[in-house]
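Chains U and B are the protein sequences, given in the same order.
Taking this note's numbering, I'd label the letters of the first sequence as residues 264 to 406.
Taking this note's numbering, I'd label the letters of the second sequence as residues 60 to 256.
Quick caveat, the hints were computed from the structure, so don't treat them as lab data.
Do not take every clue at face value.
To be verified - Interface residues of chain U toward chain B, partial, derived using beta-carbon atoms under 7 Å:
{"id": "1", "residue": "ARG291"}
{"id": "2", "residue": "PRO309"}
{"id": "3", "residue": "ASN334"}
{"id": "4", "residue": "THR391"}
{"id": "5", "residue": "LEU394"}
In this text, a Cβ means the ideal position worked out from N, Cα and C, and glycines have one as well.
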Amino acid sequence: MLRTAIITFLAAACLATQANAEIGRVKRASGDAFIERAGARIDAAPGVTVDANDVLVTGADGKMSITFIDNSRFSIGPESRVTLDRFEFNSTTHEGDFETGVEKGSLAVISGQIAKEAPDAMKVRTPTSILGVRGTRFIIEVD
Amino acid sequence: MLKAALAATGMILLLSGCTAERVVLLPNESGESGSVAIFSAAGEEEALLDRPYTEARIAQGGGASVGETSAEAVDAAYGTLIEDLPPPPRSFILYFKVGTTTLMPESEPELDRLLAEASERLGGDVQVVGHTDTVGAKETNDKLSEARAQEVKRLLVERGLDPALVRAVGRGERELLVPTGDEVAETRNRRVEVVVR
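Between the sequences and the hints, there should be enough to build the whole structure, so can you do that?
Structure (structure tokens):
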């Protein structure tokens, strides 16, 4: 009985961690495209999961696109470096916080449920500015 | 031809020399437009883009200047980037017989549509969330909703979907599609909601 309870608890804990970690998945990737996570490099390929605090990196011939769990979507062009600084999302209320940084390169964004629920809950940082996203589709390019 | 290419390159160099960043607002998929507010690092609002094909160019030291661009110019500069945006996620609802994990016959074709959509998409992942109506104990409904979600996952995997791409959870009677009091039988609440991304 106790053993079952412990196993159930552990299983639940594992599920919770997993659910918290995955914030999106790579949909397409080509050329030199990878994810930096805790010092490691993971090749970007369709189906690969993306976590908060990942850095998305592409080389001269690389690109990748991602769909997040709040239905936000990214397309990242060549020679880019995009940081996923913060991602919190309540799938019931759609409240959340989504902060991304474009250090260099190009990024096309379609905002999702987080931006729809509250204006400026989705922010994109560039080297000079902070963009507040209010339910829209746009492009950022940083030289 | 070469001359035109050189002129274009010169133009790009010239532009990149004086602007560090560029933000372009596009029309939404629905046709209407949202907006993007541009704040300085210090938090002061510097510009607001609220019409499609308006753009802001931001100099290295900050300071945004807003101007107009066009669909053609955006397509020439960013056509591939925009085309590579993933398609919008699609939602499906499957209904179940009272107190069971048996699909209602009318939900069978929806299951086929959902499977087709998930298999078609590159890197398509599937989120399966089970629900119940308010008849019965909350704990029982938690288990039933989880069992419904797992059953949908099983059906999808049985038909060839990679289990690593399917996440299934149960939400019991917490998220009613049709709000009711406790102990109310409601067909539309006995469901599994599936999002294909």
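Outcome of the hint check:
1. ARG291: holds (6 Å)
2. PRO309: Result: holds, 3 Å to nearest chain B Cβ.
3. ASN334: holds (5 Å)
4. THR391: Hint holds; THR391/U Cβ to chain B Cβ min 5 Å, cut 7 Å.
5. LEU394: holds (5 Å)
This entry satisfies every hint, going by the numbered hints stated previously.
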